[in-house]
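Going down the list, the sequences are from chains A and B.
The opening residue of the first sequence carries number 1 in the UniProt record's numbering; numbering runs sequentially from there.
The opening residue of the second sequence carries number 1 in the UniProt record's numbering; numbering runs sequentially from there.
In short, the hints are calculated from the structure, not lab data.
Watch out, some of these pointers could steer you wrong.
What the hints assert, rightly or not - Simulated DEER-style distance windows between Cβ atoms:
hint	chain 1	residue 1	chain 2	residue 2	range
1	A	Thr31	B	Gly490	51 to 59 Å
2	B	Asn342	A	Leu284	14 to 22 Å
3	A	Trp117	B	Ser529	35 to 43 Å
4	B	Arg114	A	Leu284	32 to 40 Å
5	A	Trp117	B	Glu128	51 to 59 Å
Unchecked claim - The following residues of chain B were derived to be distant from chain A, with all beta-carbon distances above 10 Å:
hint	residue
6	His216
7	Gly408
8	Glu449
9	Glu541
Claimed, not checked - With the Cβ distance kept under 10 Å, some of the chain B side facing chain A (calculated, not the full set):
hint	residue
10	Leu409
11	Glu430
12	Gln436
13	Ile440
14	Gln441
15	Met442
16	Asn446
17	Phe469
18	Ala510
19	Cys628
20	Gln667
21	Asp668
22	Lys671
Even glycine gets a Cβ: it sits at the ideal position worked out from N, Cα and C.
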Amino acid sequence: MSAATTTPRRSRALNTLRDMAARPSGAIGLTLVTLHLVMALMSPWIAPFDYKEMNSALILGGPSAEHLLGTDHLGRDVFTRVLLGGREAFLVTGIATPIAMLWGGMLGVLLGLRGGWIDEAMMRLVDAFLALPGILPLLVLITVFGSGNEVLTPTLAFFFGIPVIRVARAAAHEVVARDFISAARARGHSPLSIVRHEILPNVTDTLLVEGAMRWSWMLLGFSALSFLGFGVAPPMADWGLMISDARVYMSLAPWGVLGPMIALSSLIIGINLSADALAKTLGLDQGRKAVV
Amino acid sequence: MANPPLIDIRGLCVGFRGRSGAMLPVLHGIDLQVCRGESIGIVGESGSGKSTLALAAMGYLKHGLQKISGEVIYDGADMFARSPSELAKIRGGQLGLIPQNSGQALTPTMRIGRQLDEALRLHCSLPEGAHSDRAIDLLTQVRLPDPAAILRRYPHELSGGQQQRVAIAMALAGEPDALLLDEPTTGLDVTTQAHILDLLRELARARNMAMVYVSHDLGVIARVCDRVQVLYAGETVLEGPVRAVLKSPDHPYARGLLASIPRLGDRSLPRALDGRPPAPGADRTGCVFAPRCALATDHCQTLHPPIITGEAGQATRCFYPEQTSEIDMTGSGAPLSCCAENSPLALSLNGVAIRYDRPGALARFMPARSRPPATVDDITLSLTLGETLGLVGESGSGKSTILKTIAGLLPPAEGTLTLGDGTALTPRVEQRRPDQLRRIQMVFQNPDESLNPRQSVANILGQPLRLYFGLKGRELRARAAELLETVRLGAHYLDRRPGQLSGGEKQRVAIARAFAATPEIVLCDEITSALDVSVQAAVLELLNDLKARHQSTFVFVSHDLTVVRALSDRVAVLYQGRLCEIGPAAAVYGAPSHPYTKVLLNAVLEPDPDHVPHLLTEDATELSPPACGCPFKHRCPVKIGRLCDTDTPPWQEATDGHAIRCHIPLQDLSKPDPV
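Just chain A, with the same shape it has in the complex:
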């Protein structure tokens, strides 16, 4: 039984990727994301310099054949630091995003199925959280608990899971109204069994696309924290931190800001384009429904 269901599922994932790549947005997006992934994984071996090696003779040096993006205010190679600067962000958001999707998605689906006063109360709580500017509660928690990855990961997973509740609940609501849920209830299945067998397969598409979008938001959030000095600690290379450090010398050495900026924005654009292509491939954009 399980063998019969996993085989088509694996090929379905491959098919989805292939269909995504066939769209212009998907082709560009997937290429950008793959490039960044390879860069993050391989950078310790391909980087031309050591990221913390300072060269006091070459402070704020311009681009040259040796230093492609010049050097920063401590004489470190900017190109090396750009290559390495996404690793922390990838690590933290790569763990936090699935956790956010998992807890937010499950809670949202359960609330959508359960309905009633508990659903109402929880949603008002979610509204209250969403009304706060996102960075504020993050800053409060980090000031209290410190800013290591072991604090950042669960904190990001918690705060970025809250909007997911709303999305998952809306998607579940649409499914709960259908007769196959009534049929399952009339047969006497438990709520958990209904969620697992009847609802989740119908909301995973929506949650996947939502997850991709959440990931890009979380990357931005992480970089913002680093920019403010609450994320990655120096001398580690991180895009947000690099922008923060280099902006003082922006008029003297613009490449110090431009390098990490382009790296960060190309990754965000890549994720957004991929999410867009994924939504189109899965048929989630209601605007243009294909015939047959």
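We have chain A; now place chain B onto it with these hints.
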């Protein structure tokens, strides 16, 4: 034809580009001519291209479709060659469209008056000041009571029939020369349908309009059309005068279609038409109907038949029109399985009342009098093992509500449910014991809704098998395959998903899922109304089979009196959640009968041009049941007076468990016209 036709479609081919990039045609060289004052019916199964043809007559194609060849001439010029501004003038003006579901075609946030006014502003030649009078005039023409009040209402405040009338009034606002009607009465109650068709006939006659009437229902076509064109897989297979086509069609497909319609006069089951039409892009070298045709020869497989015009004016696409009369058009004669006499009780409902409204915190302190009457009230029924009880009534009569209550999805406000062994059936499904759950299974109306699109058939059938019997692995799969066999689908369906099945196949899977639990009681909620007639016949045959084999009790809900007649041992007639009449099927469909049953029976449309429905009363307009007296008092054609307004009518026992709830004595109800 003396005049040139108003709508003249010649050799129209329409198709869409498939995933492979190839052009897949859905209409193959269709010819259609309609003159002023003529009404043409277009019939066919779903997917035959009939709606596409009707929309193409407006010069409109749905997204993704494109014209391959042919022309659509309206009033002398090709619709596809006209400029957008010309089209905008013609569409909704000279050429009106009445869609299937007017409830969705009307803007929900706009009052009827404003929507009508918009249509008048765009298409009416009268000065603006005369528009409001004209709007009232139009609503009077479509026989809506109190037009001034209707103008102020929103679409959701009208019944389905009233919405359809408003849609007709909007089409009439442009003083049309031709009307295109896309299944305008599908989904309406029998009485409403008969009224609307009557209205359309008279309007067409009075205004000398041309009508193109698209429907899957030959009974509707018989009522309103002069000529009929039968489409099969995007091709005209038969064209001719309605009388000739319905009495003795010259094409085997049309005969099969007629044979699959259940009829009031015929007690045997309708004959199913096996197989399904070819998909767009399939090979079409031979006759497209050959794979499903009883008369097909080798000749039919290799050559595409041309259209031959016979003596009676029928043009048929068949090599052997003279042999088609060999195909029997009456029911299959399959013996109806009947339940044994004096079998034990399976389920009884005692004084069940169901309410949808829940009293709020404040209402609990108010006197009970101010609550609206219950949606369903005073239902006392008993079902014996192996029996089929048909529940009939118009929409809103509470038939499905009663099923939901038996299934435990909607607890009753009053009354009790008792199982055959004397144990009480717990009202809420969550609190029922596993063996109680297993004994009652439900099949829903629309299989697209009741089957999870993300589960394979094996998984769908596996749900009850795992839950009730704890089956796993190979055992589970073997039992699922076995179940598929009982609904005449092979084991190769196990790994398909609902999206890969046809409507009839999906409903079979849904039925198999219900029978997976080996239930005692099967609740069927309008299970054939989303299916084509030919498929419906096959599903009815299957149910009859299962009934004989499993000795299960069925509760069969339908608005279609002929379908209920074909399958039920006993029939209960409901009006606004109250029982009017109950008894053996033959007795309920015979005399004496409740005035409401008589109204329903008289409104049934049969695919016979000689059959004229009698409209005894207005169609349903009130939406909630009256607080006192007989529920049917407002529409009853034979109401006797104050008594009906104030007193709930008593049950009058006739013979053999047949009972009628009416103030009029039984002997008067037996007369054909009890007035």
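Verification of the supplied hints:
| no. | hint | result |
| --- | --- | --- |
| 1 | Thr31/A <-> Gly490/B: 51 to 59 Å | 45 Å, violated |
| 2 | Asn342/B <-> Leu284/A: 14 to 22 Å | 58 Å, violated |
| 3 | Trp117/A <-> Ser529/B: 35 to 43 Å | 37 Å, holds |
| 4 | Arg114/B <-> Leu284/A: 32 to 40 Å | 35 Å, holds |
| 5 | Trp117/A <-> Glu128/B: 51 to 59 Å | 52 Å, holds |
| 6 | His216 | 20 Å, holds |
| 7 | Gly408 | 7 Å, violated |
| 8 | Glu449 | 4 Å, violated |
| 9 | Glu541 | 24 Å, holds |
| 10 | Leu409 | 6 Å, holds |
| 11 | Glu430 | 8 Å, holds |
| 12 | Gln436 | 9 Å, holds |
| 13 | Ile440 | 8 Å, holds |
| 14 | Gln441 | 8 Å, holds |
| 15 | Met442 | 5 Å, holds |
| 16 | Asn446 | 7 Å, holds |
| 17 | Phe469 | 12 Å, violated |
| 18 | Ala510 | 8 Å, holds |
| 19 | Cys628 | 34 Å, violated |
| 20 | Gln667 | 44 Å, violated |
| 21 | Asp668 | 43 Å, violated |
| 22 | Lys671 | 44 Å, violated |
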